[in-house]
Amino acid sequence: MIPLPRFELHSPKTLAEAIAALAHSNGGANILAGGTDLIANIKHGVAKPERVVWLGKLPEMRAISFTPELGLRIGAMCTLNEIAASSSVQQYYPAIAEAANSVASPAIRNCATLGGNLCQDTRCFYYNQSEFWRSALGGCIKARILPASNGAICHATPGLAKCAAVFCSDLAPLLIALSASVKLMNQRGERTIDLAELYRDDGANHLTLQPGEIVTEVSIPTAEPNQFSVYKKLRDRRSIDFALVNVGLNIVLDSELTCRHAKIVIGAVQSIPVEIQTAEAIFVNHRLTTELIGRVAEEAASAVTPVPNVDEPVGYRKRMVRVLVERALSEIWSRASKKSTS
Amino acid sequence: MARHLITLNVNGQQHQLAVEPQWTLAQILREELQLTGTKIGCDTGECGACTVLANGKPILSCLTLAATVEGIDIQTIEGLARKGNLHPLQESFLAHGGFQCGFCTPGMILTAKSAIHKGEASSEEAIREQLSGSLCRCTGYQKIVDAVTETARRAKQTGGHGLDRSALSQEPFRIDGVAQVTGAAKFTDDFVLPRMLYGKILRSPHPHARILSIDTSKAERLPGVVAVMIGSELPTKFGILPSSQDETALCIDKVRFAGDPVAAVAAVDELTALEAVQLIDVQYEPLPSILTMEDALRTDLPKIHQETKYENNVAKHVELEFGDVAKGFVEADYVREDEFFYSANTHAMMEPHCAVASFEPPAHSENYRDGYLTLRSATQTPHYVHRTLASVFEMPPSHIRVIKPHVGGGFGGKSEPLALEFCAAWLSIKAGRPVKITYTREEVFYSHRGRHATKMWVKTGVKKEGTITAIQYKAWLDGGAYGSYGVVTSYYTGQLLTLPYKVPCYKFETSRLHTNKPPAGPKRGHGTPQPRFAFEVHLDRIAEALGIDPVEIRLRNLVEPNSMTVNSLRITSCGIRECIEKVVEASGWREKRGKLPRGRGIGIAASAYISGAAKEIYWLGLPHSAAVVKIDRGGGVTVFTGASDIGQGSSTAIAHIVAETLGVAIHHVKVCEADTDLTPVDLGSYSSRVTFMAGNAALRAAQDLREKLFHVAAEMLSVSADSLTAKDGKMFSASDLTKSITFTDSARAAEAKLGPLSAVGSYTPPPLGGTYKGAGAGPSPSYSFTAHVVELEVDEQSGQVTIHNVWSAHDCGKALNRRMVEGQIEGSVCMGIGEALYESLSFTKSKGKSENGPATPAGLLKNSSLLHYKLPTTLDTPQIQAFIVETIDPEGPLGAKEAGEGPLIAVPPAIANAIQNAIGVKVSSIPITPEEILRGLNQQLRLSKQAAQQAEFRHEEVVAT
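First to last, the sequence lines map onto chains A and B. Per my numbering, numbering of the first sequence is gapless, rising by one per residue and ending at 342. Per my numbering, numbering of the second sequence is gapless, rising by one per residue and ending at 961.
Treat the hints as calculated values from the structure; they're not laboratory data. We treat Cβ as the ideally placed atom computed from N, Cα and C, and that holds for glycine. Treat the hints with caution; some may be incorrect.
[As the list claims (entries may be wrong)] Computed cross-link-like contacts, DSS-like style, restricted to lysine-lysine with a CA-CA straight-line distance of at most 30 Å:
#, chain 1, residue 1, chain 2, residue 2
1, A, Lys318, B, Lys118
2, A, Lys318, B, Lys218
3, A, Lys162, B, Lys845
4, B, Lys862, A, Lys318
5, B, Lys670, A, Lys48
[Said to hold, decoys possible] To be clear about the criterion: a stretch of chain A counts as covered by chain B if any three or more of its residues have a C-beta under 8 Å from a C-beta of chain B, and this derived list gives those stretches:
#, stretch
6, 6-16
7, 30-38
Work out the full structure, taking the sequences as your base and the hints as a guide.
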């Protein structure tokens with residue numbers, strides 16, 4: 001067995017206790033939710049917490065509620081299977097259920113939480129390796145074996161002085177497309193930000209969380225009439241694998257199939273989910289046609305730069321952005337046409 | 001660090017435990033509660049072997065901290081059977097043959113239990129979805145899915161109650177079946193000996209470097225460290241083949257791949273051992289590394305092994321010609337040449353390698369050589385491990401005992417002595433305490449010995465009706481850093497290309513090359529899937545050029561039973577024609593081929609494989625297999641066989657042969673296997689030799705014993721011994737059925753008269769093969785034959801392939817146990833799908849510059865995990881229809897021959913041929929990636945545009961003139 005190094009484990013019973021446990025840790029603490037990302041990372045030595053604060057005993061973080069006024073609220077400690085099985089999610093946001101169900105494998109989804117999924121570490125095959133392997137490589141910016149000033153580089157993109165590890169969450173692109181916000185709490189208080197603002201374009205430090213901050217809840221605004229959202233994921237195998245490319249897409253159409261609002265977010269290609277504003281601009285106030293779908297998909301593909309840190313070539317993944325966006329839009333088109341004719 | 005006092009509810013029992021906060025649930029279950037049915041296959045959440053139920057839901061115990069499951073009901077596989085009654089799922093897995101090595105089985109059964117309980121097992125599709133996080137490398141999933149489907153159906157009908165036992169076959173699927181489905185089967189890592197230490201190995205970070213110095217002093221001073229070892233302590237070289245003795249237990253003066261073992265430590269726990277190896281200071285002088293086959297052929301780069309006879313890194317070169325090939329090509333109406341590439345892939349058996357050593361020091365001597373060493377190891381070849389330990393440790397073989405516990409799959413990856421076996425044993429001798437070393441999944445990848453990456457050129461001449469006139473084949477094999485079985489691979493890859501077709505003349509040339517990568521070796525099909533891929537795809541292209549159906553061209557060239565190939569392979573039983581006819585009919589080939597919509601295709605390929613090698617690896621004059629059968633006074637029969645059951649079920653096959661011969665039910669037969677102290681010689685579980693050779697040895701012992709019993713029974717019944725038959729637990733006269741005695745009575749009487757009853761039997765293959773140099777590799781006492789038809793769909797936008805159906809027919813001589821043979825076929829197909837579409841070892845390439853060379857060093861294996869190295873899941877594996885073709889081999893035990901490897905070989909080309917049929921893209925390399933499919937489609941588009949332009953241009957020309 002790969003032995004885990006020693007650490008302190010805190011199992012707070014209230015949010016206040018959790019916040020205190022994180023606040024008094026001098027930054028050497030990790031939050032443990034479902035453990036499917038963190039424990040594997042500790043085994044690989046890429047996370048080396050002195051203290052682990054487990055949030056599993058906080059029932060207030062496990063609720064899912066829906067009201068037309070407040071929309072959907074999901075506690076950050078809800079597991080992905082609970083979310084996929086929730087009747088509110090299935091009824092109002094089936095794409096969220098689909099995205100949750102596309103994560104890894106069923107047993108992982110019984111443990112992995114929404115908060116954990118949104119705060120998961122970025123990935124790179126120069127990084128998600130054993131300590132032995134990373135030291136044989138000579139370290140990298142993210143693995144911090146050598147400080148950047150001492151020649152540490154990004155092996156995926158050697159020209160850049162920045163880590164390019166990729167953010168592979170299946171939920172984040174779709175939730176950003178749905179204009180989700182997250183509630184954050186630490187000792188200084190509570191704030192709510194757009195989910196998109198949780199991320200920054202730096203693979204080594206991709207979350208904008210303040211010290212000791214916990215994501216406690218995710219809110220998704222109520223769907224407008226004629227809102228269509230879709231999640232698409234491309235991976236090598238039909239289970240277990242992370243996405244090579246994923247797309248979250250949310251569109252509001254009027255009865256003429258003219259687009260009133262659109263958000264297209266591409267994931268798993270860069271350190272941050274990429275919102276394709278140029279594609280959205282092409283889209284809004286235009287009627288959904290095959291020709292338009294092609295143009296939007298083309299624009300989405302040209303707007304992303306997949307990081308060369310998986311075996312599948314960059315060109316292929318770029319092309320797949322186009323394919324996935326095209327598929328997502330075609331699906332919406334056929335759903336919308338059915339709806340408008342019925 | 002303070003321990004947490006927790007209460008765990010496991011299988012309905014409460015346990016008060018003081019746990020360290022970082023301990024995982026898997027660790028507590030296995031080490032504190034001895035519930036070793038929970039297995040560790042990857043330890044990072046990628047394989048599902050450690051799945052347990054938490055409040056009825058499957059979770060991965062390797063990623064769960066024990067302290068976080070307090071108050072939750074945990075169920076492990078040990079908690080499933082109640083009051084001695086198996087759970088319906090366990091019964092169903094037994095009835096359907098839903099397991100082989102048993103390593104993934106506990107996780108699989110528990111996951112299925114939860115799925116059925118939650119109503120998520122209503123269809124085969126739903127079941128595959130629920131099981132999709134549990135990897136199985138043996139079964140191909142079909143029988144697992146069947147077992148769960150059946151249980152779910154019955155649970156629905158009966159409100160949760162069991163199987164209808166009367167519907168089950170009388171013959172048990174496996175004699176070790178109950179142990180496998182209840183988690184009771186003990187694998188090497190499940191052994192914990194008193195005062196046992198844990199070992200870890202330090203590995204080289206460089207692909208190629210000289211070792212300048214090793215300083216272990218800091219590691220030795222670390223509290224908890226008991227013994228440290230380095231390579232110079234065991235300088236004797238070894239290697240599985242006499243001609244390539246190029247390894248030492250640990251590297252001494254040079255490292256040859258990133259991951260090569262350099263030093264080892266034994267400490268009180270794994271964490272201390274791991275910390276200690278990191279304290280060992282090794283100074284290296286990096287050497288230029290050879291990472292491509294092209295570089296291996298250069299003469300201006302350092303040699304990886306000085307002792308080889310070539311000036312570059314060629315390890316072995318073979319050239320052989322049979323018949324007049326030049327003439328054969330002249331006689332051809334059509335000659336075609338193609339180039340192919342087959343990537344390196346690995347066994348990825350679910351059980352990581354593990355060795356547990358214990359040492360009894362000598363009573364009256366200071367010399368460790370007078371002591372007694374016992375090694376339990378997850379090996380396919382206890383005999384070679386035993387022999388090599390004796391040589392390297394300079395100990396009398398009689399002082400060494402090698403035991404093979406249950407093994408969780410091998411596929412060739414555990415078929416030679418490996419570093420951990422020497423390290424565990426030597427550390428145990430040094431420490432005077434038992435030592436266990438279990439490889440992490442990453443280390444399993446470094447140990448490798450898997451499929452050689454192979455670059456191939458093939459040229460074939462045919463008559464216009466498709467009959468082959470000549471074949472020429474050339475291959476470069478990437479052997480990696482060491483010899484392993486590579487010399488044999490170099491021959492097999494050439495020699496076995498002449499089957500299953502009639503080849504009047506043939507010439508081949510193969511070069512095995514050393515590179516600074518983990519050593520390649522034998523993987524299921526050993527050296528033959530590569531040329532089979534090349535030739536079967538090449539043959540389809542020939543058929544297309546001649547306008548002949550792919551099935552037809554194969555039927556026109558098939559090898560005949562009782563014939564001799566041009567390279568002196570003796571063919572006896574041969575059912576290849578029936579195999580092809582079976583899959584063609586079952587798949588609806590004639591209705592489908594050429595009539596499917598674009599994007600959907602159907603392809604065929606055929607193959608043959610050996611049932612064991614006719615020549616042993618080194619000459620000792622011993623039989624290749626031997627058996628002792630004994631009968632006790634209660635009528636129980638025990639077979640002592642050296643054959644290693646590695647999950648394929650060889651012990652069951654042997655028990656079947658003995659039971660059949662003595663006329664007793666198989667549950668009266670026990671098998672004591674693979675223990676060098678207790679069992680006679682067997683060379684090991686490789687080259688598909690076990691059923692044929694160990695089976696024949698057991699058959700002979702049982703026949704001998706039967707003669708003794710008949711003799712005594714005949715006297716008692718006053719009939720002649722010749723007239724007696726043994727069946728259904730009785731011995732009776734065929735001519736007078738009233739003259740009968742029970743087996744037990746006859747055994748008792750025979751023992752009274754003759755003394756304790758036992759008999760020995762052995763098997764050595766007949767002299768086979770030609771007289772030329774190299775004629776020893778390829779001959780086998782019998783060959784199996786296989787044909788597959790694959791139907792699939794290509795997504796022309798993403799390039800991804802969905803396999804819808806595989807029809808496989810395999811000629812195994814006589815199927816001793818149909819479910820086991822089907823299981824071998826299905827598992828082979830699944831592994832073949834992995835090789836064809838997903839699996840390939842991938843290494844870093846050098847990039848950028850820094851003071852000490854490239855900023856990114858080349859030659860590190862990138863995908864050494866079950867996340868990045870992709871075995872097919874339940875959802876990537878289609879319905880597999882396995883057909884058994886029986887030919888009753890004249891020399892096989894009860895007519896049987898191999899089934900374990902042959903069915904893999906032609907899977908990749910059948911897939912490649914189906915892809916070509918679906919979209920017209922020619923596939924020339926394995927694995928077939930979506931990106932390459934798209935590239936092929938682009939090229940197709942370009943060519944068709946060009947052709948259209950040219951046509952237009954010609955049209956204009958015509959108009960202009």
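Hints, one by one, checked against the model:
Distance check on the hinted pair: lysine 318(A) and lysine 118(B) sit about 40 Å apart at the alpha-carbon level, beyond 30 Å; violated. Distance restraint check for lysine 318(A) and lysine 218(B): the Cα-Cα separation of roughly 50 Å exceeds the 30 Å cut-off, and the hinted pair is therefore not satisfied. Between the alpha carbons of lysine 162(A) and lysine 845(B) the distance comes to roughly 20 Å, so the proposed pair stays at or under 30 Å and holds. Under the criterion of a C-alpha separation no larger than 30 Å, the hint pairing lysine 862(B) with lysine 318(A) is consistent with the structure, at around 22 Å.
Distance restraint check for lysine 670(B) and lysine 48(A): the Cα-Cα separation of roughly 50 Å exceeds the 30 Å cut-off, and the hinted pair is therefore not satisfied. Counting residues of the stretch 6-16 of chain A whose beta carbon lies closer than 8 Å to any beta carbon of chain B gives 5, which reaches the threshold of three, so the coverage claim holds. Chain B is given as covering the stretch 30-38 of chain A, and this holds because 3 residues of the stretch bring a CB closer than 8 Å to a CB of that chain, at least three being needed.
Comparing the model with each numbered hint stated earlier shows that hints 1, 2, 5 do not hold.
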